[in-house]
Each structure stands twice: as structure tokens, then as C-alpha cells.
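Q: Residue numbers (our numbering), protein chains in the order written: chain A, 1 to 159; chain B, 1 to 159; chain C, 1 to 405; chain D, 1 to 405.
Heads up, a few of these hints could be off.
[Claimed, not checked] Using C-beta positions, here's what the derived DEER-type ranges look like:
| # | chain 1 | residue 1 | chain 2 | residue 2 | range |
| --- | --- | --- | --- | --- | --- |
| 1 | D | 205 | A | 110 | 24 to 32 Å |
| 2 | C | 366 | A | 24 | 17 to 25 Å |
| 3 | D | 257 | A | 44 | 18 to 26 Å |
The hints are simulated quantities; they were obtained by calculation from the structure and are not laboratory data. Virtual Cβ for every residue (Gly too), placed ideally from N, Cα, C.
So you can see what is in the structure, the chains are spelled out below.
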Amino acid sequence: MAINNLYNNTILNEHNLRPSHKGKLDNPTMILEGVNPTCGDDIFLELQIEDGVITDASFSGSGCAISQASTDMMLDLIIGEDKETALDFADKFMRMIRGEASEEDIDDLDEAGILRDISHMPARVKCAVLGWRTLREMMEKDTTEGYAHEDHDECAAGR
Amino acid sequence: MAINNLYNNTILNEHNLRPSHKGKLDNPTMILEGVNPTCGDDIFLELQIEDGVITDASFSGSGCAISQASTDMMLDLIIGEDKETALDFADKFMRMIRGEASEEDIDDLDEAGILRDISHMPARVKCAVLGWRTLREMMEKDTTEGYAHEDHDECAAGR
Amino acid sequence: MKENQFRKDFPIFAETGVTYLDSAATSQRPQVVIDAEREFNEKMNANPLRGLYGISIEATDAYENARETVKEFIGADSAREIIFTRNASESLNLVAYSYACSVLKPGDTVLTTIMEHHSNILPWRMAAERTGARVEYLEPEHDGTFTDAELQKKIVKGVKIVAVGHVSNVLGCINPVKKISDMAHAVGAVTVVDAAQSAPHMKVDVKELGADFLVFSGHKLMAPFGIGVLYGRRELLEEMPPFLRGGEMIEYVTHDTEKWAELPHKFEAGTVNATGAYGLDRAIKYLKNVGFDFIRETEDRLTSIIFEEAATLPYFHILGSDDPKNHNGIVSFTIDGVHPHDISSILDGDKICIRAGHHCAQPLLEYLGESSTARASLYLYNTEEDVRFFMDKVKNIRGIMGYGN
Amino acid sequence: MKENQFRKDFPIFAETGVTYLDSAATSQRPQVVIDAEREFNEKMNANPLRGLYGISIEATDAYENARETVKEFIGADSAREIIFTRNASESLNLVAYSYACSVLKPGDTVLTTIMEHHSNILPWRMAAERTGARVEYLEPEHDGTFTDAELQKKIVKGVKIVAVGHVSNVLGCINPVKKISDMAHAVGAVTVVDAAQSAPHMKVDVKELGADFLVFSGHKLMAPFGIGVLYGRRELLEEMPPFLRGGEMIEYVTHDTEKWAELPHKFEAGTVNATGAYGLDRAIKYLKNVGFDFIRETEDRLTSIIFEEAATLPYFHILGSDDPKNHNGIVSFTIDGVHPHDISSILDGDKICIRAGHHCAQPLLEYLGESSTARASLYLYNTEEDVRFFMDKVKNIRGIMGYGN
Ligand SMILES: Cc1ncc(COP(=O)(O)O)c(C=O)c1O
Ligand SMILES: Cc1ncc(COP(=O)(O)O)c(C=O)c1O
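Just chain A, same shape as in the assembly:
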């Protein structure tokens, strides 16, 4: 039972129950809200960027275990990295969710790799990608503040 296994996963539970990056930054460079209106998931992502490098990051808001843990694991990965590397992680994650990532890619994603099986739970895909697509939107649009819509194309599998 793939699903119970995922939920039984201590990594997922740890990041959900005791996230490392939940809270607000003092002086964020960028803030973006990401929502999954159908789910009620709603997160605020805050990044501190200095010389193109993400020096600190946090998230707040509410949502299910999958969106919360996925975002927390994402922040573990990208803090200390430059924007390009962060975007690269996001690409790998999206590929993994679509079931198109290589084993190497998944290895690179470290703990976030535990969400690989979410591709078999299409209804939850949009929870898993919420933080990641909010990040990507921030990077790509270089917004300092805004609102990231539910992206239907991205979540095609997660209708």
C-alpha cells in the first residue's frame, strides 16, 4: 500500500511535525503566496537573497502534511545555493513528480526523493509541488511580492 507507506515515513512526518524552516524572516528580499484553492493549502514563501545566493528562507501558512513537508525539504536543499541551482532542483523535482526523473536526479533531491511515489497519487501532486512552483515563479518572474496561482498545466496529473 504505497500511500500508507508514504505517510508512515518518518522523514515526511518529521518535516511536517517539526519543520526546520517554518516562520518568517526579518528582512526577506522576496515574498510570494502560493495557494491550491481546491485544497485550501496556502503558503507564504520568503527568501533572503544576497548577490544571487539564497542566504535564508522560510515558509508560513497552512496546508496538508505533503505540502508542508515538501516545502520544508525544499528549503533544506536550496538555502546556500544560487538561483540557478535552486531552479535546477525545482526542475528535477517536477520531473520526478511526472515520473520522468533519473535515479541520479532523485538522489540529488536528497530527502525530497521520498515523494517520488506521489506520481501514483495524482490528487496529491498539487500539494507536493506547491512550494516548488511558488519558488520557480519567484525566480522566473523575479518578483519581490505576489501570488502564485494554481497552475493547471503543471498539475495536469493532479486534477
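Starting from the structure of chain A, add chains B, C and D with the ligands where the hints point.
A: Then chains B, C and D with the ligands, alone, in the frame of chain A:
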């Protein structure tokens, strides 16, 4: 094949091809238009009434063989009768169409009795009753001119 | 354990092995309804109302007999008062576009309740926006009841339409529709009753409820998707302009003029869903055969079991009344520390189907201070085994999520 | 005589023995479509788009895959441009209420043709009435063609919408949609293409036709009743206000505000007809497997037979083009001295199903000076035997009616 029998009936064909009462009166007391919009049947019924007796009557307009023949046979029956008798014929005819008339009633209807099987052809019921319900409407409302709607309740079987 | 003699009529259970607790979203279809669709397609498939030949006449009869069945089912005066639509939502939109947009004047009020499904809120907002009227909301107590003070304060002159749900799809409570109708009529308003959640579960009689309009969906009542019902009092329907325009809803059309068809056809533009109506006919007949007593008894008994089990779980909270009999088989709940989506996904691992989210009733959840809840909802095919299995699995959820007991 | 290898896929023929020549009204359903409905109900019946559990996800996938299939079928850019409705009539009303009522200004023109189905006339009249715009009509020659002069005279500045049928349901002719679209776009109008009679019979590509909106009905294309399609160019759909309001078409609703869902959901209020969409998906796949070449060849061959036989009957008159290839399987006709209803009823005696009446195209009949005609219409399951039997029985009609030969 009930239907082909009806159409093969010489009485029906005679009244359709060579109706006795098709035309217009010189001084009608009452004129009423009756239509079956779904069919395109459209007749004008004209009555000449003197001292409560129908002294003459005619119909014009266009329609299928069943509406034409039925109306012509109706006029054969009611010319020379008083209003009450005419209404009584109409009641018997409606009962026959609903399959509720006695053999006696049907006998009274004379040639119009050939339409008794129309109750098995629900789509054509409204053609058969067009003249009759126009007549009834004239009598009941005592209109001198007007327009008789398709009556859905009457034609319940003929939807 | 009591056996449920009707469950075997629903092939999905044997086919899939699901524990289906989402009947408030849509019901399952019994074999007779599934067979009715096939029978229609194989034996009488033709465009109804148009043809003069055998199978078209049969199709027409099937369609119109369904209207007759619905008429009897809800106690209408005439089959002409029954309009077939796509679903309850379309029925409400029809009333909003055709009736509300015609009668509302600036300053008028449409009164609804804060516990309505979105489909009984948004059409009124649309109509209000177009006409300069406003929408106001009756606000219930936390158990879903309305105080007399609240009703008296808001059902006042100037209210032209009162749109009220018969049974809430979140709280499961029955609203005092008759009382509200009487008050509404006293101030000159017409009533629109959303019976989407009641018609499948209890006797709904338009006269007894004082409903001027009433809507429900076939698919929550074991009929196929794609068929819904609007009842309207004849005088009102006669006066209303048509909504959708097109084939079948006219008496004639010339280059410049048109004349609408008589009721009910005036409101049924285009080719009708005769198969759906035929399925609804069979579903209502099946429902009558089961009987509302059986449904009530089954739902109350199973709801009580959920309540009893829940009482032993301090982290499990049920929304609405404390009395299982006031829930009509609908149990919305939360589990401390676990998001409703996680609850639903975890239960899905055991093929248990429940709903999680806002249940298309966001204003109610906002009012209750929740953003999302889980919901188990019952119907006549559910068994004691279903609810016991469900509650057993519920007990594991917090453990799975990493909480101790 | 050539065998038709697809006929056996349609159970109604063996069940009823009808000679079905009314496919322009509605088509018959092949076994795969009938089975699809049952399969859906037995294996994945749940409310799509809402549930987080297995069967609801399957139902959602079935529904959204159907959208993808339709997108491919008509060459749209994105599945978001495909809105599921109840039928072509509702699709046209959606465009009229949501688009036309928003953009039309007093003095603007909606241009349609006098040969349209009522469903492509009445919604525009409604929109014109509400906005102070007017509706004008392109008038064809008697064979159904439009002269360049007619097009140039009427497709002029001030025309905001050109609504044109692809294939006439009375004359069977193909209208020059691409040419009309180009001219419409040149004067700043958008085009609405009624593909109800074309999509089942020929390749319809929204780009090639230059269609800004395009509609068709599933039931004329072997799918169940109750499912229709609206295609709209994304930019247009994005700008349009929603039509029906209710569940599923919003992102969120609060006490006072609401935010519409993204396309296509913005236009799909309430519980969707997933079974119908699934049936449409199967129908399109079945259609593709048969192939438009086969359909064209079959229809042309059988139409030619009707024409040949008709040429020997001086009292038998066919409306429209003299060339059977310009009829797309639709043959409207009259018989001197016999009302079309009588023709239809007499043929019904031999289980031959044809249509008689105004075919929901009264303005065209008025224009042609007819009040009613009979119509035989073909589809891929028809055979030479069907049309020969039909014409044999036609030859007896005048005799039955009491005319000599
Ligand atoms: C050309 C044309 N347009 C529109 C329609 C309307 O289709 P529906 O009745 O399925 O809405 C029809 C079918 O009757 C048609 O033939
Ligand atoms: C109370 C209530 N009203 C209206 C609706 C709308 O029904 P449908 O989606 O079938 O239009 C629902 C079902 O979701 C409901 O629960």
C-alpha cells in the same frame, strides 16, 4: 400493420382528397384558427350559427391527411346540430382518441369512428383532434374570433 | 450485524471493493438504473419530441413518463411544473437568470443562508449584481439551527426571494423550510428550496414545504449524471421568460418573431437528455421500493455508530449537532493535527472513500472558523461493516502521521 | 451489394429491426459507447474533480482525458479551450449570454444565416434584444450556396459576431466557413461555427475553419445524450464572465467575494456529466477508427442511390443541390399531394424512421416557401439495403393515400 390500414382507408382518403366542407363562408358567426405548431398543421374553422344551431360550417388552411379528414368528418356531423350536441360529439371523439369510448359512442361518431385506432399512434393524436378542440374552444369560450393553442393536456398521449 | 438487502443491487461494491462514504457528493447507481440506460440505447434510442415514428415515440414516452414520476415524487400539481435540467446548479441558475433577473429591483433583497452550497449563493449574487439588489444571509447557531430572532430580523419587507437549503451538505441538519416559507410568503417573497441533499433521503413535498421553486440533482439520487430537476409553481413559470433558447422551446419562429412553446418545453432548449430522465425514473422507482423508512433507519443507526466510536477519541471532532439523528447521514469532522486531505489520502489506502475540503460551502466554513474538513456521508447501501471499518482505520491515522497515542 | 462491417456494432438494429434514417436528429450508439457508460458506473462512479480517493481520481481522469480527446479531434491548442456543456444549444447560449451580452453595443450586428437551426438564431436574438444590437441574415440561393455579392454586402463593419452553420441540417450543404471567417475577421468580428451536423461526418479543425468559437453535440456523434462541446479561443474565454454559477467553477468564495476558477472549469458549474464525457471519448475513438473516408464514401454512395431512384418519380422533390455529393447524407424532400407527416407515419408502418416537420429551421423553410418537409439522413451504419427499402416504400405512398399512379 394498423397504420397502413388506416391510410389505405378509402373514407380517410376521400375526406382528405375531396373534402365536402373546405372553403370559406360568406358571413361566419365565428372564426377560429387552430394550429399544431410542431406539425405545421394550421386550420381556420368558420361556423354560421343561428338561434343556437350550426347552420353551416367550413374549414380552410393546410395540414396532414389526418387533420384534414378528421375536420371534414367533424363538420359532416355537426352541421344542423345545436351547440350542445356538437359539444357532445366532441366529447365522444376525445374519449375515443383516449381509448375510453364505448362502442355506442363510436357508432354515433359515424365515419369519424375510423380514427379510433389513432390512439395507438400517439404522435398523430394532435393531428386528429385539431379540428375538434378548435370547435370545443369556440363553443366553450363563445369567441367570435381567435386562436386555439395546441393543448398539451388534451394531447398528453400525442406528445 | 444486520444485513443490508439492497447493497447487492449496486455492482460497484463487488467490482471495486470500496467502502463508499461520499454519497453526499454523488450516489452509486443500482443495477436497474445502469440497465435502464443500456435498454434505452438498445431499444428506443431516438430524438424524443420530434419524430413521428415508433422508437421516437417510445423515447418521448420514456422521457415524459419520467416527468410524471418526478411530479408524483415531489407532490407537484402538474407535470408541466417539472423542468429537466442538467443538475441542481443549472436549475438554480435558471431561476436566477429567468426569474430573479426579471423581478428584482434596486434595493430588493435575496435572502439565503450562510450554510448554502455555492450553487445556492453565486447565482443570487449574479442576479443581485445585475439588478442592483443585494444578497443577505441567515446565520445559524453552531449546531445549524436558526433562532426565531434571526429569522424575524431578516425575513422582512423588501426581501423578494428566500433561497434555502433543505439539508446542509456539511452539517447534515434539516432547515425549517416550512416555517421560513410561511414567513417569506407573509412578506411577499417567493421561496427557492435546494433539495439536493434532502430529496434522496426523505419525503420532499413541494406543498408541505411551501416551495415556490425546488431543485435537486439526479446523480445524488442514484440516477445518472447529467439530469437535474427544477420544480416551479405554474403561475411563476408561465410568467418567466425562457432561459436557454433554441430547438424545441418554441412554437414557431419566423424571420422576425418567435413564440415560446408551452410549459415545460419553454425551458428545455435543444435535444433533451432522455436517457438521463429514463434513468431518473428508474432511480425514483427503486428509491420508493426501498422506502424512506429504511433509509432513515439505516442512516441513523450507522451515524450513531460513528458518534459512539468518536466519543472515545478525544482528537476527533464532529461539526454540527450532537445528536446523530440530526445529521441525515452526513458527518463532517476534523482530527487534531491532521489536515483533512491527509485524512482522506490515508483512508484511500484502505479503499475508504470520504470527502475532504470545503465541500463547496466556503462561507459556512469561514463562518465556523474552519478552512477545510473531512466528511463521511451515508446512503441506503451502507452497512455497519462500512462504518466500523472506517472508524477502525480512523483510529490509526494519528499514529501514521507520527503522533503518539 | 457491399456489406457494411460497422453496422453490427450497433445493437439497436438487431433489437428493433428499424431502418433508421434520422441520424441528423440523433445518431445511434455503438456497443463500445453503451459499454463505456456501464463500465463507468460499475467501476469508477464518483464525483470527479472533488475526491482525493481512487475512484474519484479515475472518474476525473476519464473526464479530463475526454477533454483531451476532443481537443485533438477538433485541433484546438489546449484542452482548456474545451468546455463540456449539455448540447450544442447550450454551447451557443453560453456564448450568447457570456460573450455576446458583454461585447455587443447598441447598433452592432450579429450576422447569421437564414438556414440556421433555431439554436443558432434564437440565442443571438436574445443577446441583441438585451444589448440593443440587431440580428441580420445571410440569404442563400436555392441550392444553399451564398453568392460573393451577398457575403460582401452583409459582412461589413459593425458586424461583431458571425454565427454560421458548417452543414445545414435541412439542405445538407457545406457552408464556406473559412471564407466567411476570413471576411468576418477582416471587419473585426468573431466567428461562431455550429458544427452540430459536420463534426460527426467530416474532419472539423478549428484553425482551418478560422473558428473563434465552435459547438457540437455528442448525441449526433454516437455519444450519449446530455454531453455537448463548446470550443473557444483561449483569449476570448479568459475575458468572458462565467455563465452558470455554482460549485466547481470558483477558486474561492467568501462572505462577499468570489474568484473564478481557471479555464475550463470557470464555465462548468455544478457536478459534471463525467459518464457522458467518457461516452463521448469512446464515441470519438470509434469514429476515428471508422474514419471519415469510409463515412464520406458510404453517405455519398447511398445518397446517390436515393437520387437515382428519385429521378424516376416525378412527384418526388429533393431540396437543395442537384448533386448528391453536396448533401452530406441529408436528403430533405416532398411528395406532391402528401403531407410530410403522412409520409413519415406511412413509412413508420414499415419501421422506417425519417423526420418530418420544420427541422427546427422554420426561417429557412419560410424562405424556401415550404411549411414542412420530410427528411432522410444517413450515417456510417446505413446500408444500400436501408435506402433501397426506403425508396421502395416511398413508391407506394401516393397509392396508399388514394392517388392513382
Ligand atoms: C445544425 C444544428 N445546429 C444545432 C442543433 C442543436 O443540437 P442540440 O439539439 O443537440 O442542442 C442541431 C440539431 O438538432 C442542428 O442540426
Ligand atoms: C446542498 C447542495 N446544493 C446543491 C448542490 C449542487 O448539485 P450539483 O453539483 O449536482 O449541481 C449540492 C451538491 O454538490 C449540494 O450538496
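Q: Against each hint, give a clear statement of whether it holds in the structure.
A: Structure-based check of all given hints:
At about 48 Å, the CB distance of residue 205 of chain D to residue 110 of chain A disagrees with the hint of 24 to 32 Å. The hint said 17 to 25 Å for the Cβ distance between residue 366 of chain C and residue 24 of chain A, and at roughly 24 Å that hint holds. The hint said 18 to 26 Å for the Cβ distance between residue 257 of chain D and residue 44 of chain A, and at roughly 20 Å that hint holds.
In the structure shown, a violation is registered for the earlier hint numbered 1 alone.
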